[in-house]
Structure formats: C-alpha cells, structure tokens
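Take a look at the letters that make up each chain.
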Amino acid sequence: MKTDRILSILFILPSLILVGIFIYGFIGWTGWVSMVNWRDVFPDFTFVGLRNYARLFQHFRFVISMKNTLVFTVLFLLFSISIGLLLAILLDRKVRFEGFFRTVYLFPMAVSFVVTGVAWRWILNPGTGGESVGLNWLLERMGLGFLKSGWYTDPNIGIKAVVIAAVWQMSGYVMALYLAGIRSIPNELYEAAQLDGANVFQLYRHIVLPLLRPVTLSAVIILGHISLKIFDLVFAMTGSGIGFSCDVPALFMYDTTFRGNYFSQGAAIAMILLMCVAALIVPYLTYSIRTEVRR
Amino acid sequence: MRLGRFFLYLVLIIFVLFYLMPVYVLVVTSLKSFKEISLRTMWIPPKEIGFSSFVRAWYGDKSRGLRGLSGNFMNSVYLTVPATLISSVLGSMNGYVLTKWKFKRANLVFALLLFGMFIPYQSILIPLVQVLQKTKLYGSIPGLILVHCVYGIPITTLIFRNYYSTIPSDIVEAAKIDGAGFVKIFAKVILPLSGPAFAVTAIWQFTSIWNDFLFGLVVTPNPSVQPITVALNNLAGSYFVEWNVQMAGALITALPTLIVYIFLGKLFMRGLLSGSLSGM
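Protein chains in written order, with our numbering: chain V, 1 to 295; chain E, 1 to 280.
Isolated chain E (complex conformation):
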C-alpha cells in the first residue's frame, strides 16, 4: 500500500511538471535580456533578472518598429467588459422566460439556441464581415462587442436556464397570486437570487471573450484596434524575433484570465461544468 501511495504521488507530480513546463519557460525567458536568449539555454534560469522585456512588450520600441501591447490590452478591456455584461443580462432574461414562462416549443427554441454554441464560426464569418462592413461596424471595437454579445447568448442562456430551473416555480406562482406581474417577479424575486449565476456567466464570458482570437483577427484588421490576443500573435510573428519580448507578451496576455482563475477558481470550475451541458 505504501508503494502504491508513492507511485500515486509520483504520477501526480510528473503531471504537475508537465503542466507547469510552459509556465517555467515563459517566466524564465521573459526575465532574460535579449543577449542571453538562445534556444540552447532555454531551460536555464537567467544570470541576472531583468524586467526590460516586459517594458518592451508593453510600450513597444518605435525605433525598431515594435508595437507595444498596452493599447491592445486596453482594447481587450473595453471589449470584454461591456460584452460580458450585456451577454450576461441577455442570458438571464432568456433563462427566466425559458424556465418560468415556458411557451409552446420552448424546448425547440432552446435547442436551436444551444446549437449556436457549437457551430464553427467559419460558417458565419463571410456574412458577418459583409454585414459589419455595411453597418460601418467593421474594424471597430463596438463591432466586436456586438459579435461577442450575439455569440455569447447560447452559453449565457444555458447557464441561467440551468440555474433558474433550480429555483422552485412555487415562488413565482406565489408572487403571481400576490398580484406581481412578469417584470416585477423578475426584478423582485428572480434577480435578487441570480448572483451566483451572474458570477458564473461573467467569469465564463470574460475568459472566452478575452481569449478569443478568430473574431479579433477577422473583424479588426487595424493593429491599433485589435484585441491583445491578435496583437500577441503579431508580436510573435514579427520579422525580428525577440523571444524574451514575446514570452513577456504572452504572460501579459494571459494574466487577467489567470488572475480570475486563481481568485475565483470554484466559480470558474462551475462555469466550465455548465458549459459542458452536464447540468442538463
């Protein structure tokens, strides 16, 4: 049994090393100076620790034609925050109707909504670009906000629907008998109970919008409007490869969602599990 325990921990620790390996490389590389960077010494810690690559990744270097990520970081903030809020609100409205005011074919409507969660976005990209160009939203952050709100509806609706179906319908019926109407029940009964579901959708949407790459790439060709993931990829794909700056950029890009994950891990997990349909 002792030996069994030993192997159990051994396997767990080997996997810890596997999962942390990229983090180690990112951190070690980003703390090195450009002179110290080479593929051969990739695993070796820096001789002296410096933060210059973070400064370069953030502010860029005009003389070298290197765009910093600071503007793109803020673009992602301006994009992610409103899109997260709006799609969460839409989700709660839909979830309320789909659980407490079920209409005929409500399940069909729900299934049609859910399917939108799985579609490959390639199948809507061409019309999307056309429509955004026609409406002058192409290449703008409001355009991206719209896109993320729309394609966030399926998952936020799913999360709220699952959550609201755990709230007993008796409460709603009682409120109806007391003379409360549709809006009043939502505002006075349902919304005050919705905190946990809002937290879960907010985390889920924040993470997936922040991490999105495809929509940013296709909708915002102008580098000054691009979200940070697209800018990071450009930084990595630039002609003159500064690995340390790239790795610092990758860490900066990953930081907000990692902070959310570390501080709100339980809710993050709940979001993951509702995204998996396991609550259905």
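The following block holds chain V by itself, in its conformation from the complex:
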C-alpha cells in the first residue's frame, strides 16, 4: 500500500518537475530579468527595480500595441461569438447536409495561423495604382464597392484587417462549442416550452440562450487568451504594419528581445502580457475547480 503511494508520486513527479522548472521557474526568471538592466547580447544583472516597466508605458510602440490588442480582442470576440452562435443555432434547425456545413466551418481550426496569415495577406492585398484586386475586386463585382479598403496597409484599419483572418480561423470553433451546448439541453425542456405555447424566438430567448451562458464564458476565456497573446498570425500576415498599426505586444516582445537584444525590456512586456492573461484565467480556473469539487 505504501509502495503504491510512492509509485504514484514517482509517476507524476517528472511532469511536476518539468512544469515547475519550465513554467513557474521560467516565469520567475523572466520576472527577475524584467527588473535588471540587461539590454545587450551580454547579460547585465544590475537591479533596476520597475524602471523597465515605467519606461515601457512611455514607449509609443507599447502604447500602440496595447491599444491594438484591446481593439483586436473586442472585435475578435464580438464577431467570433456572434457568428459562432448564429451558425450553431441555424445548424440546429434540422438542416440537411449538416455534416458538410460543420466540416467546412470548422476546418480552419486545423490550419496553422501561419498558413492563414499567408493566405489572407494575399486576399486582402489592396494592390497598387488604384486598381481593385483581391477582396476589393470581389466586393466591387458584388456591388459592395463602398466596402473597399486598404485593409492592413491603411494605418486607420491596420489591426482590424487581421481580425478578419482571425475570425475566419476561430469562429467555427465557437460554433462547435455552441452546437455541443445546444445538443446537451434536454429535450423535455423544449417540449415543455412548446406545450406552454412558446414560439421559436421565445424558445431561444428564454430557454436556449440562458442555458448557453457557460458556453459563452468558455468561449470568452478561450478566445480571450488566444487574442491577448496572438503572435503567429500577425507575424505572418502583416508584421507590425505601417506606423505599427498592426502591432501587438507579443510581436513587440519578440522584436525587442530577439531582434533588438533588449532582454530586460522584452521580459517586462512578457510579464505584462502574462498578467493580462492571468487576470482572465485565474478567476476562471479557481471558479471551475471549486464548482467541480462541490459536485
């Protein structure tokens, strides 16, 4: 019995050690690096306290990238969640070829953000010389010429163009989440509502949507943390863009650290990013594990 206890600890120990070092140890180390004066290829561990953080908030590129993240997150969540919910509700209306539709909506999830970036950079290319190409050409043909834009080459649009690609990639996933949620609602509830004479809209408004709240929470958490740390898509699609109009903190961190060798500054960006994600994730994890224990 006792050997079993020891064996069980030995079983989980490698993972605990690896995670302890590679996640928590490394985070601690990054935190330390963010408070020293390492701004060259060669490490310099002179302690400077929060100076790197203070400088960061005065750095124009950091301010732009934080604003961009906010815009990106809001739009990305808004569109992914509303499209995902819409598609799930429609697909639940006893649609023929449902399997086909589901497969098409979900497949972008299986593709790398880099592939997505390469494809959308081509589609959203506004071309030169005022001629309409890419998506602009399509919009013009469909009589939607007023929607034409410079996309990621227009500093006013910038990051919003990247949202299109991100929504393309992730909205199908939200659809899958909602569909699973809708399908897990017991039939009796529908039947009871129908007996009470509820029409389709009332059914969704008063029965389905309230029951889908936990799914929405999951979707916000998942999309939110992806959004805060988005890197590959931006890197592959636009880079930091004209006047950093497509810049995000993760990209800024990469440039600062691995292209500019400002390690301490890079570590400070990384820590701020981590804190943003933690502010979203920690309450959620605490809540889910607590409710699970209660069950």
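Where hints are given, some of them may not hold.
Derived lysine to aspartate or glutamate pairs resembling EDC-like cross-links, with alpha carbons at most 20 angstroms apart [said to hold, decoys possible]:
id : chain 1 : residue 1 : chain 2 : residue 2
1  : E       : Lys104    : V       : Glu292
2  : E       : Lys102    : V       : Glu292
3  : E       : Lys188    : V       : Asp4
4  : V       : Lys94     : V       : Glu188
5  : V       : Lys2      : E       : Glu173
6  : E       : Lys266    : V       : Glu98
Quick caveat, the hints were computed from the structure, so don't treat them as lab data.
Fit chain E to the given chain V structure using the hints.
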C-alpha cells in the same frame, strides 16, 4: 416557413463561401504558372493547370536561392511524432494519478498544471533560450521535442484526467482487493481502456505541434533545422515573391493536419471540446 428555410440555407451557404474563399485562392493560385500570376487575376482559374509550383515549393530552386520545403516537412515529422507520443504518455500517467490516486492538494496541483496551458509563451522564452543554449539543445530538433513535450503536459493531463474520471473507481478498488498494485492496475486495467483518450490527445498534440510557429522561430535559427511553418513564413517573406510557390507551400504545410481533420473529424472535435475545459 418555406421562406424561412430558404434564408436559413442562404445564410449557411454564404458562410460556406466565406470559409472556402481562402482555399479557393490557394488552390487556384498554386496551379498557375509564374507568368500567369497577378493580383488582378487572383480569382480567375488558371488557363492551364500545372503542378510546377508544388515542385518548386517542395524541392526549391538553387539557382534562384529558393529553399524547398521538403527538408522542413521532414523536420516537422521528426519533431511532431515523438513529441506527440511522449506528451500523451505523460498525460496518461498524470491523469491516472490525479483521478485514481488522489493525494492531498491534488486539485491545487491540477490547477497549477492547467494554468500552464494558458500562459503566453513570451513569458518563458528568455529563460528557455538560455537553458537550451546551456544544454546544447538550442537550434536542434531534440530541443524542440523537449519544449513541445513540456508545454504539452497541461493539455494532455487535462484530457486524460477528464477521461479517467469517467472510468468508475470501483474497477480500481476491485483490482486492489484482488491484490493488484499501482503499476499493474495501470497496465492491466487503465491502459487497455485508454484508446479513445490517446486518440484525442494524439490528434490534439499532432495538430498543435505541427502548427506551432513561435517555438520553431525562436529555438531553431538555422533554416535546415526549422519546422515547416517557419520555413513557409520565410518562403513567403523572401525577396523575390513567387505567389504561386508560396500558395503551394501553404497547401503543403496545411495538408497533414487537414488530412487528420478530414479522416478523424469526430475525434478532432472531441479534442477541441476537451481543450475548452467544457469537460470540467
């Protein structure tokens, strides 16, 4: 009601067009010859279908200084397969302990593990590079394998833990009464039941390791060691832009995970949903 159905299908089909649009562009462009490529004719099918851009994307063109993706494709295979296997095995071991041999504070340990799934990897990149350089693993495929195994532990543990908690603990108790110990129960009782969970983690890990870009970019500066996503980005960022070759490269890069998705769609979906914590 008829009209309602019509609009329902109309909306669904409009979205199908939206989701397939990039695929159409990728396929059409990659089948064109370089001469035929221009932004203006991007939506128009090729006059004659050719596979030369796939050949160029795969083998490259030394005279033009164009690196092919074939080597990088294989790098990704050598990286993805072992990393997927090892992280799945670690996940099943952890899941077993966390459900059937719960210790004090097991939930806290689990929460600490799970948090690792969400962290932005930027917050560990600097020490990671330092440690890999010190251990001579920097710039190598074994180094990348290690990285993906470690950062895969949270999600594989989550999937196996969720799965094992559906296996009744009575089975384990019965085996204990029969005199089976910790290892024997794992090997004879739990592992034989683990097929579905292994399939889900394998698909999840295969997809996310294959699609990774950040670790490949930071850990492998040498082009001949880089995984295919990083190589694709370099192909796309090269000075002389051959759109058709880029698009062919993008299709080659996407192919393995798309094949997995098409043939194992149900399991892929299950993996997605367990990744969403919805099983918690």
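How the hints compare with the structure:
Taken as a hint, the E:Lys104 and V:Glu292 pair is honoured in the structure, with Cα atoms around 16 angstroms apart against an allowance of 20 angstroms. At roughly 15 angstroms between alpha-carbon atoms, E:Lys102 and V:Glu292 fall within 20 angstroms of each other, so this suggested pair holds. For the hint linking E:Lys188 to V:Asp4, the alpha-carbon distance of about 15 angstroms falls within 20 angstroms, and the restraint holds. Between V:Lys94 and V:Glu188, the direct Cα distance comes to roughly 17 angstroms. Compliance with the 20 angstroms bound is thereby established for this hinted pair.
For the proposed pair V:Lys2 and E:Glu173, the alpha carbon gap of about 16 angstroms is at most 20 angstroms, so the pair holds. A threshold of 20 angstroms between alpha carbons decides the hint, and for E:Lys266 with V:Glu98 the separation of about 14 angstroms falls inside it, so the pair holds.
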